[in-house]
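Visitor: As a plain string of letters, each chain reads:
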Amino acid sequence: MTTTQYRVIGSRPVRHDGADKVTGKAIYTADTKLPGMLAGFVLRSPHAHARVVSIDTSQAEAMPGVHAVITGADFPNVEDKVADLGEGSVNLSYLSSNCMAQQKVLYRGHAVAAVAATDVHIAEEAAKKIQVEYEVLESVTWVLDAMKEDAPLLHDDLVTDSMGAKAEQPSNVPVHLHFEKGDAAAAFEEADLIVEREFRTATVHQGYIEPHAVVADYNEDGRLRIWTATQGSFTCRQQTAEVLQIPLGNVLVTPCEIGGGFGGKITVYLEPTAALLSKKSGRPVRIAMTRADVFEASGPTPGSFMRVKLGAKSDGTITAGEAWLAYDAGAYPGGMIGPGCMCVFSCYDIEHAVVDGYDVCLNKPKTSAYRAPGATQVAFATEQLVDELAQKLGMCELEIREKNAVKEGSRRVDGPVYPPIGLLECLDALKQSDHWNTPLSGPNRGRGIAAGFWFGCGLKSSAACTVNSDGTINLLEGSTDIGGSRTSIAMQLAEVLGLEAEDINPQVGDTDTAGYTDVTGGSRVTFATGMAAYEAGRDLQQQMRTLAADLWDCSADDISVGEDGSFSAGGKTVGFKELAVELFAAGEHLVGRATVSPECPTNGFGAQIADVEVDPETGKVTVLRYTTIQDAGKAIHPSYVEGQLQGGTVQGIGWALNEEYFYQDDDTMANASFLDYRMPTMLDVPMIDTIIVETGNPDHPYGVRGVGETPIVPPPAALANAIYNATDTRMTELPMSPPKLWKAMQANQTSE
Amino acid sequence: MAPNSVSEVVSLLSEHGDRAKMLAGGTDIIVQLREGLREADVVIDIKKIEDITSFHYCEENGLSLGAAVACYHLYEHPQLSQLYGALADSTHIIGGWQIQSRASVGGNLCNASPAADSIPSLIALNAEAVIAGPEGQRTVAVQDFCTGPGRNVLENNELLVAIQIPAQGGECGSAYERFIPRNEMDIAVVGVGSWIRLSDDGTIAESRISLGAVAATPLFAEEASASLVGKEPTEENFAAAGELAKKIATPISDMRGTDEYRTHLVGVLVKRTLTTAALRAQN
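For the record, the sequence lines run as chains A and B.
Read in order, the letters of the first sequence are residues -19 to 732 in the working numbering.
Read in order, the letters of the second sequence are residues 2 to 284 in the working numbering.
For the record, the hints were derived by calculation from the structure and aren't laboratory data.
You may find that some hints are simply not true.
A few chain A residues facing chain B, derived, Cβ under 8 Å [unchecked claim]: (1) W416; (2) P419; (3) S421; (4) R425; (5) E597; (6) G623; (7) F642; (8) T648; (9) A650; (10) N651; (11) L655; (12) D656; (13) P660; (14) T661; (15) L663.
In silico DSSO-like cross-links for lysine-lysine, where the CA-CA straight-line distance does not exceed 30 Å [as the list claims (entries may be wrong)]: (16) A:K260 / A:K13; (17) B:K247 / A:K720; (18) A:K128 / A:K61; (19) A:K289 / A:K161; (20) A:K387 / A:K161; (21) A:K108 / B:K22; (22) A:K1 / A:K383; (23) A:K146 / A:K84; (24) A:K372 / A:K411; (25) B:K22 / A:K109; (26) B:K22 / A:K720; (27) A:K723 / B:K248; (28) A:K109 / A:K146; (29) A:K723 / B:K247; (30) A:K108 / A:K128; (31) A:K13 / A:K1; (32) A:K293 / A:K383.
Backbone N, C-alpha and C fix where the C-beta goes; we use that ideal spot for every residue, glycine too.
Isolated chain B (complex conformation) (with noise of 0.2 Å):
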C-alpha cells in the first residue's frame, strides 16, 4: 500500500497493528521479511508523502529531514554537508552508492540497531525524533528513541515522520567514524558521534559524544560530554574524554570483536572524531 498522507498511515497501522510494517527505502525491511526475522501483512510506502520525503533548512528551526529522505540528500547538499558533518560521515558509509540512493536516515533510526551507523551523529548533534499517531504529533529525543536491538519508542499505531536537527553555528563541527576490519561492506565494530561548539577564545563551550555498538542500545556519552566544557581542543583533553566514555561501553564479544577490543577502539573514535570535529568548527 502506497497512502498519501500521514492519516492514512496512522489509520492504516490502527487496523493493522503490528502486522503492518513500514517502507522507506527497503533496505532493511525487504532483507528482513525475505529471511523471517520479521514478518508482515501489510506492507505501507510512505514515499508518496511529501513531508516524507522532502528536507527543509533555516537558521531559526535548523535541519527539518523527513523520514524517508534517502542518504545521499545529505552528503551531496553542498550547504547541508558542511554544517552536518557527522551526518554526512554517516550517510556516506552506509552501504554503497546503490543502497544510499533509497536507504533513508529515518529508516536507520527505526530500525534501531546497535551498529547503525547514523544514530551516534543525530544523539551527538541532539537531534529529536517527529512521531505522528492516532492523538498527533509528539516529539523524542533520539537518544531516548532506540529501546533495545531492533526496537524503539513507536507504538504499533505510530510512525516517524521527521527528524529535526538544531541549527548550526559556525562555531560548531562533528564528526562520525566507525572503526571496520575491512574498508567497505561492514558493520561497525564501534562508532562513535561527536558535536563540539567552541567559544569565541576557542576553548570547548559545549560537547556531545555518543557511542555506538557497545551496548543494546547507541549511547549518549554524558560524562565524557560534559567533562570537556570549558577546556582546550587538545588531544590529551580528547583522549581524556575517551577514556570518560569506555566508561559506559558494555559490549559483547563476538565476531566482529571482542568486548575489550570495543572498548579500547571506543577511546581511540572518541579521540579522533572529536579531533576532527574540532577541526571542522575552527574552520
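Chain A extracted, bound-state conformation (with noise of 0.2 Å):
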C-alpha cells in the first residue's frame, strides 16, 4: 500500500472545467457554427444485407437548396490498403465502407448517400429522393449461425486466419485465436470436480448521450479542419487523412467537448463523409446523428457465445481451465475477441489452460469498445463457474476466490507474467467491507460477488507547459477529456511543481497544437498523459536549475529540488512561483515538455458485492445494495476515481439486467431508441458504494492505475451470482430481463 503524503494528489480541487459545464458554456460538437454552414443528412439502409444494385441522386441534386450528394462512388478506392492506427493494423477498405458503403450494405442503418442543403430538414427530403436499387440477401445476427458453413456471407474474400495459417474456404470467421498454457486436458482427468456450461450475451450499446456529430470545413488549398466528438483527436486525424487518402499534414482536428464515448467515439463514422460533402459543396458541413443512428449504424459491443470449463481438486485448487469463445465482430472483422480471451482467466492463478476465440462477422453495425472490451461478457461465465465450483466444494464464494486469486508472478494464459497487483488486497477490503459484513436477510433475496481485470495500457502522450510571468502555468495536453483528465492531469503537475490544482491552467490541444497524444481509452489517461505532465514538470525544474545557477552564481549541480517543489542551494530555499517570478524579471521565460510512451499495463483489479431482491412472481430484479472496490494504484482526485466506480458498475448493471439489441424477423433492430433500449435510470440502482484500495503501481511516478474501465466487468457476474443465492436458478443469458428470469424460475421449479 503507498503511504506517501502528498499536498494535491488525493485531494479533491474543484474541476477546471466544471463551471463551463454546469452553466451550459461548454461547447460542444453540434454547438459549432461556421459561416455559411450547410447540414448533412445521411441516407441509410432500410436492410440488413442487401446488394446496392444502383444508386440514381439526381431528384435530390436538382432540389433547391440542395449543394452536394455524395454516395460511395465519391470515396477514394483504398481497396487492399493496410494503415496502422496505433491500436493495431486496420484494413482501410472496411473502414472506408463501413463510412460509405460501396458494393454491399451489411447492416440496417448502413450509409448509402449523404447530403448537404441550407438547412436540415431540405437535406432530409433531399435524401428521401435518392432512388437505390437493393437486392436484398439473406442475412444473420446470432454468432453461432454466422459460423456455419452454409451461412450467408457477408465477405467473399474473407478467410480465417489461425493463428497466421490461412483457411482455403471464405467464412465469416476472419480470425480464430488459440492460447495454451500447462495440460489442460490431463489436468481436466485429474480433476476432482468439474463444472462447464454455456453462456449468451446480448449485444449492447455504450449509450454516451451525445449522438455523433462533426463539422467539416474542406478548404480551397486542400487543408481539412474537422470538430468533432472524438476520444482521440490524432486518430480521428489518421483515418480520415486515410480513407480520404490526403496527406496527413492536411488534416487538423479539433476535438470539442464530448457528452460521453465509453469506447464508442474512436472509429470515425460521418468524418469522411461531412469532408467529402464540404469538398464538394466549398461550404463548411455539420452533421448529427439522431439516437436511432447512434443505435444501428455507430458501434455497440460484442454479443457473444461462450463454452466455459473449470476443473478443480477437493481443496478447492482452481487447476485446469477450458474457453471457447464466439464474438460478434459485427459487419467488418476486428471485434473484441483478443481482449475476451486474455481475460476469461485473468483472475485466477490456473495452471492448465486452453482458451479457443472467435471473431465472427454478421449484419451487425461493426462493433467498437466498451469499457473493458471483451471482458465483462467472460467475466459473467468464470465467475459463475467459481461460485459454482464454491458451492459444491461446500466453500465460501470469498475463499476460493482468495485461494486461487493471481498474484506477482502468476502467468495469464496469454503469456504475460504479473507484477505487483492488487486483486488479494481488494478480495481482503472485501471481507472488511461493512457490506459484506452486514448479513442479508429477507425472502427472494440474495447476495453475489464477483472479481474483475483490466490491462489498462500506457501508448503515446504528451505534454508541455508555458510558465506565464506570475508563476501559474497553461499545460498544453492531447487527451481529450472523459472523464475529468484535465484535472488529474493538472494535479500530477502541480503536485511535482509545488503548486496548486488551480495555478494550472489546463487545456486540451487540437492536432496542430498538442503533441502527439493517443486515444482516450485503455484507462490511460491519468496514467500515461499525467506521466507527460510529471515529466514536463520535471523538465522545466532542470530548466530552472540551469537558470537559476546563473542566476545565483553556482553551479546548477548545487540546486536541490525538494519534494515540495523548492529549490535550494547555499542556505537558500524559494518556491516555483517566486523562482518563475525572478527569472521571468530577469528575461527568461520558460516552457517545459516532455512525451511519454510506457509500455507496461496497469493491471487493474477490483471486486464487487451485490444484494439483490427478486419479484418471484414476475422475475424483477430489485438491487439493493452495491459496493464496488476496485485498486487504483493511487487515487489522484478521489472522486473522479468514486465516480468511475460508480459509472462503470451502473453500466455494468444495465447490461446486465435489461440492456439487449432486440433484432426482428428481418433482421433489423426493433428497439433504437432510449425507451426501449433499457438502460438504467436514477431510480433502478442504489447508491454504489465504493471502496478505493491503493497498492501503488510501480511504473507511475505516484502509483496510478487505470480505473476506468473494470469498474464494468464484474456487474453481470455478480449479479447472476446474487440472483442465482435469491432464486437457486442460475442464468446464462444475458440480459437477465424479467421475461427471461421469470422462464428461467418456471423451468427450474418444474425440473426440480
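Build the complex from these two chains, which are given one at a time in their own frames, with help from the hints.
Guide: Structure (C-alpha cells):
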C-alpha cells in the first residue's frame, strides 16, 4: 500500500471545466457554427444485408437548397490498403465502406448516400428522393449461425486466419485465436470436480448521451478542418486522412467537449462523409446522428456465445480451465475477441488452461470498444463457474477466490507474468467491508460477488507547460477529456512543482497544437498523460536549475529540488512561483515539455458485492445494495475515481439486467431508442458504495493504475450470483431481464 | 389555432377533416407530428376552452373531468385521489413531473394506445366519454371508445370534451398497476385497473377489471369481474379472477415481453390490483 503523503494528489479540487459544464457554456460539436455552414443528412440502409444495384441521386441534386450529394463512388478506392492506427492495423477498405457502403450494405443503418443542404429538413427531404435499388440478401445476426458452413457470407474474400495459418474457403470468421498453458486435458482428467456451462450475451451499446456529430470545412488549399466529438483527435486525423487518401498534415482535428464515449468514439463514422460534402459544396458541413442512427450505425459492443469449463481439486484449488468463445465482430472484422480470450481466466492462477476465440462477422453494425471491451462477457461466465465450484465444494465464494487469486508472478494464459498487482488486496477490502459483514435477510433475496480485471495501457502522450510571468502555468495536452482528466493531469503537474491545482490552467489542444497523444481509452489518460505532465514538470525544474545557477552564481548541480518543488542552494530556498517570477524579471521565460510512451499495462483489479431481491411472480430484480472495490494504485482525485467506479458499475448493471439489441425477424433492430433500449435510470440503482484500494503502481511516479474500465466487468456476474442465491436459478444468458428470469425460474421449478 | 368554444372547434374540424389534429398537453401529438407518425395542416389548441380545462365533482353525478385537465390535478387533489385511487395511480406514473403537468387523461384516451396507463383505470371506474360534434353531444362508454391501436370512435368532426366518472361511495376502492422492467421511463408491458364495491357484510358486491397492453385495445374483463360478485375479498378469489382474466388476453411478443410472459403478468397484476382495491375499499 502507498503511504507517501502528498499535498495535491488525493485531494478533491473543483474541476477546471466544471463551471463551463454546469452553466451550459461548454462547446460541444453540435454547438459549433461556421459562416455559410450547411446541414448534412445521411441516407441509411433499411435492410440488414443487400447488394446495392444502383443509386440515382438526380432528383435530390435538383432540389432547391441542395448543395452536394455523395455516395460510395465519391470515396477514394482504398482496396487492399492497410493502415496502422496505433491500436493495430486496420484494413482501410473496411473502415471506408463502414463510413459509406460500396457494393453491399451489411447492416440496417449502413450509410449509402449523403446530402448537404441549407437546412437539415431540406437535406432529409432530398435524401428521401435518392433512388436506391437493393437486391436483398439473406442475413444473419446470431454468432453461431454466422459460423455455420452454409451461412450467408458477408465478405466473399474473407478467410480465417488461425494463428497465422490461412483457411482455403471464405467464411464469416476472420480470426481464430488459440492460447494454451500447461496441459489442460490431463488436468481435467485429474480434477476432482468439473463445472461446465454455455453462456450467451446480447449486443449492447455504450449509450453515451451525446450522439456523434461533426463539422468539416474543406478549404480551397486542400486543408481540412474538423470539429468533432472524439476520444482521440490524432487517431481521428489519421483515419480521416487515410480514408480520404490525403496527407495527414493537411488535416486539423479540433476535439470539442465530449458527452461520453466509453470506447464508442474512437472509430470515424461521419468525418470523411462531412469532409467530402464540404469539398463538393465548397461550404462547411455539419452532420449529427439521431439516437436511432447511434444505435443502428455506430459501434455497439459484441454479443457472444461462450462455453467455459473449470476443474478443481477437492481443496478448492482450480487446476484446469477451458474456454471456447465466439464474439460478434459486426459487419467488418476486428471485434473484441482478443481481450476476451486474455481476460477469461485473468483473475485466477490456473496452471493448465486452453482458450479458443473466434471473431465473427454478421449483419450488425461493426462492434466497438466499450469499457474493458470483451472482458465483461467472459467474467459473466467464469465468475459464475467459480461460484458453482465453491458451492459444490462447500466453500465460501470469497474463500475460493482468495485461494486462487492471481498475484505477482502468476502467468496469464496468453503469456504475460504479472508484476505486483492488487486483486488479493481488493478481496481483503471486500472481506473487511461493512457490506460483506452485514447479513442479508428476507425472502427472495441474495448476495453475490465477482472479481474483474482490465489491462490498462500506456501508449503515447505529450504535455507542454508554459510558465506565466506570475508563476502560474498553462498546460497543453492532447487527451480529450471524458472523465475529468484535465484536472487529474493538472494535479500531477501541481504536485511535482509544489503548486496548487488552481495554479494550473489545463487545456486540451487540437492536432496542430498539442504533441502527439493516443486515444482516451485503455484507462490510460491519468496514467500516461499524467506521467507526461509530471515529466514536463521535471523538465521545467531542470531548466530552472540551469537558469537559477546563473542568477545565483553557483552550479546547477548545487541546486536541489525538494519534494515540495522548492529550489535550494547555499542555505537559500525558494518556491517554484518565486523563482519563476524572478527568472521572468531577469528576462528568462520557460516552456517545459515531455513525451512519454510507457509500454507496461497498469493491471487494474476489482471486486464487487451485489444484494438483490427478485420478485418471484414477475422475475424483476431490484438491486438493494452494491459495493464496488478497486485498486486504483493511487487515486489522484478520489471523487473522479469514485465516479468511474460508480459509472462503470451502473453500466454493468444495465448490461446485466435489461440492455440488449432486440432483433426482428428481418434482422433489423426493433428498439433503437432510449425508451426500449433500457439503460438504468436513477430509480433503478441504489447508491453505489465505493472502496478505493491503493497498492501503488511501480511503473508510475505517483503509483497510478487505470480505473475507468474494470468497474463494468464484474456486475453481470455478481448479479447473476446474487440472483442464484436468491432464487436457486442459474442465469446463463444476458440480459437477465424479467421475462427471461421468470421463464428460467419456471423451468427450474418444473425440473425440481 | 386556439378557439374559445367547443362549437368553434367543431366547425374547424368540419372544415379541415382529418387534416386537423387536437392539441391538449401535446405530449403525444407533438412527438407524433415531428416523427412523421401523424400529419396535420391545422393543430387546434383546446386549452382556451373553460369546460375542457376544468373538472367538477358532486356526489350525485360523480366526476366530470374536462378533456384537457392535466394529470397532476388528479393525484394532487386530496379528495379525488382518495375516491379514484386507480386514476390517481395512473396519472402518477404517466411520464415524469414535466409530462404530468401537461399531459391530460383525455389526451391519453384519445391517443388510444393499447398500453395507455389511464384507460384501464377509466374502464374499471366505468367512465363514459362525452363527445361533441355538429349534431350536439353523445356519450360512449370508455370500454367501447378505442377501436384499435391509435384509433377511436371519434368522427373527423368530433372532439372529446369530458370524461364522466360515476360517484364513489366509501365502500368502493380501485387501483391501477403496470409492469415495467425499469422503475421509470417505460411503457406498460401489461397494465391492469381494478375496481371493487364491498357489501355491508364485507363480501364483494360489484367489481370491474380492465386490462391494458394485451390486445389491440384496452379490454374490460367481463367474466373475471362478474366471477367475484358475492365472494370474499381473499387472495385465492383474486387469483382465480386473474386466471379468468388471462383467457381474454391475446398479447403480441415483442421487445417488451413475450405473449406467454404478458399473459402470466395479467394474472399477477389482477391479483395485486384487486388486493389494493379491496384494501382501499375497506379503509
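Visitor: So, for every hint listed, does it hold in this structure?
Guide: Evaluation of the provided hints:
Here the hint on A:W416 is broken, as its CB sits about 26 Å from the closest CB of chain B, past 8 Å. Here the hint on A:P419 is broken, as its CB sits about 26 Å from the closest CB of chain B, past 8 Å. Using the Cβ-Cβ criterion of 8 Å, the hint placing A:S421 at the interface with chain B is not satisfied: the shortest such distance is roughly 23 Å. Given the 8 Å rule on beta carbons, the hint for A:R425 is violated: about 18 Å separates it from the nearest Cβ of chain B.
The beta carbon of A:E597 is positioned within 8 Å of a beta carbon in chain B (closest approach about 5 Å), and the interface hint is therefore held. With a cut of 8 Å, the hint placing A:G623 at the interface with chain B is violated, because the nearest CB-to-CB distance is about 22 Å. Nearest Cβ of chain B to the Cβ of A:F642: about 4 Å, under the 8 Å cut. The hint holds. With a cut of 8 Å, the hint placing A:T648 at the interface with chain B is violated, because the nearest CB-to-CB distance is about 12 Å.
Of the supplied interface hints, the one on A:A650 holds, with its beta-carbon coming within about 5 Å of a beta-carbon of chain B, less than 8 Å. Interface restraint check: A:N651 against chain B, minimum CB-CB distance 5 Å, threshold 8 Å, status holds. The criterion of a C-beta within 8 Å of any C-beta in chain B is met by A:L655, whose closest approach is roughly 7 Å, and the hint holds. With a cut of 8 Å, the hint placing A:D656 at the interface with chain B holds, because the nearest CB-to-CB distance is about 5 Å.
Among the interface hints, the one on A:P660 holds; its C-beta lies about 7 Å from the nearest C-beta in chain B, closer than the 8 Å criterion. Hint on A:T661 holds. Least Cβ distance to chain B is approximately 5 Å, under the 8 Å limit. Taking 8 Å as the C-beta contact cut-off toward chain B, the hint placing A:L663 at the interface holds, the least distance being around 4 Å. Distance check on the hinted pair: A:K260 and A:K13 sit about 19 Å apart at the alpha-carbon level, within 30 Å; holds.
A threshold of 30 Å between alpha carbons decides the hint, and for B:K247 with A:K720 the separation of about 20 Å falls inside it, so the pair holds. Proposed proximity of A:K128 and A:K61 is supported: the alpha carbons are some 29 Å apart, at most 30 Å. Only pairs whose Cα atoms come within 30 Å are accepted, and A:K289 paired with A:K161 is accepted, the gap being roughly 15 Å. Our distance criterion of 30 Å between C-alpha atoms is met by A:K387 and A:K161, whose separation comes to about 17 Å.
Between the alpha carbons of A:K108 and B:K22 the distance comes to roughly 25 Å, so the proposed pair stays at or under 30 Å and holds. About 46 Å separates the Cα atoms of A:K1 and A:K383, which puts this hinted pair outside 30 Å; it is violated. For a cut-off of 30 Å, the pair hint linking A:K146 to A:K84 stands: about 25 Å separates their Cα positions. Straight-line distance between C-alpha atoms of A:K372 and A:K411 comes to about 21 Å, which keeps the hinted pair within the 30 Å bound.
At most 30 Å may separate the alpha-carbon atoms for a hinted pair to count; B:K22 and A:K109 meet this at roughly 27 Å. The straight-line distance between the Cα atoms of B:K22 and A:K720 is roughly 40 Å, outside the 30 Å bound, and the hint therefore fails. The straight-line distance between the Cα atoms of A:K723 and B:K248 is roughly 20 Å, inside the 30 Å bound, and the hint therefore holds. The straight-line distance between the Cα atoms of A:K109 and A:K146 is roughly 44 Å, outside the 30 Å bound, and the hint therefore fails.
Between A:K723 and B:K247 the alpha-carbon distance is near 17 Å, which keeps this suggested pair within the 30 Å criterion. Our distance criterion of 30 Å between C-alpha atoms is broken by A:K108 and A:K128, whose separation comes to about 37 Å. Among the hinted pairs, A:K13 with A:K1 is consistent with the structure: their alpha-carbon atoms are about 19 Å apart, no more than 30 Å. Note on A:K293 and A:K383: the hinted pairing holds, with a Cα-Cα distance of about 12 Å set against a maximum of 30 Å.
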